[in-house]
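Listed in order, the protein sequences are those of chains A and B.
Numbering follows my numbering, in which position 83 of the first sequence is assigned residue number 1338; successive positions increment by one, without gaps.
Numbering follows my numbering, in which position 16 of the second sequence is assigned residue number 422; successive positions increment by one, without gaps.
None of these hints come from the bench; they were simulated from the model.
Among these hints, one or two may not hold up.
Claimed, not checked - Selected chain B positions facing chain A (Cβ under 7 angstroms, derived; list incomplete): (1) 421; (2) 422; (3) 440; (4) 449; (5) 450; (6) 452; (7) 456; (8) 509; (9) 511.
Positions of the beta carbon are idealized from the N, C-alpha and C atoms, including for glycine.
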Amino acid sequence: EADIYQTPRYLVIGTGKKITLECSQTMGHDKMYWYQQDPGMELHLIHYSYGVNSTEKGDLSSESTVSRIRTEHFPLTLESARPSHTSQYLCASSGGAGGYTFGSGTRLTVV
Amino acid sequence: GENVEQHPSTLSVQEGDSAVIKCTYSDSASNYFPWYKQELGKRPQLIIDIRSNVGEKKDQRIAVTLNKTAKHFSLHITETQPEDSAVYFCAARTGDNTGKLIFGQGTTLQVKP
């Protein structure tokens, strides 16, 4: 089934560790996005991509980085996790004409 | 920059009553306005959307209205049910070619049985 998949679903990690949150979509969408959201709160755009080899920073300053080497894959990396990075990270994709399809999210806790 | 304001932040209604959530946007070039419902612990799901060439759209118990002149759009839910309880987000697509959606702050709707 065409959808957008995020792994892991939950992650607890120690301060200073490097982590990569995975996001893959099987819908052939060109545009992909990463949002940070505390549960039930505002959605803050941290990165987006128009297509392969294109990435841009979003409105919320973030210490994370992203890459887009393949259309379907848009991973987010934190080089050195801190407790302030504790949040939910939502990946989304868009075919352009309509709205987003969101992944189920990764709930990150940094201890 | 572009901005979307959403009100109210919380809304509590009795089952069977109507609920209205309002949003205003700043980018006059915005042409697409989706609404998302996010249940507790789940991903946001698109429930209805409207494009700038129409003023109203309805899908069963939910409807959205758009006033482009006032840069204002609203979600209307009639005959509310407990399963409508969730956080609702409005959004406006930016007028550039990025496809970015600017989201409102969210409204927590509680429907009391």
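Hint by hint, here is what the structure shows:
{"no.": "1", "hint": "421", "result": "21 angstroms, violated"}
{"no.": "2", "hint": "422", "result": "25 angstroms, violated"}
{"no.": "3", "hint": "440", "result": "4 angstroms, holds"}
{"no.": "4", "hint": "449", "result": "4 angstroms, holds"}
{"no.": "5", "hint": "450", "result": "5 angstroms, holds"}
{"no.": "6", "hint": "452", "result": "5 angstroms, holds"}
{"no.": "7", "hint": "456", "result": "11 angstroms, violated"}
{"no.": "8", "hint": "509", "result": "5 angstroms, holds"}
{"no.": "9", "hint": "511", "result": "5 angstroms, holds"}
Hints 1, 2 and 7 from the earlier list are contradicted by this structure; the remaining hints agree with it.
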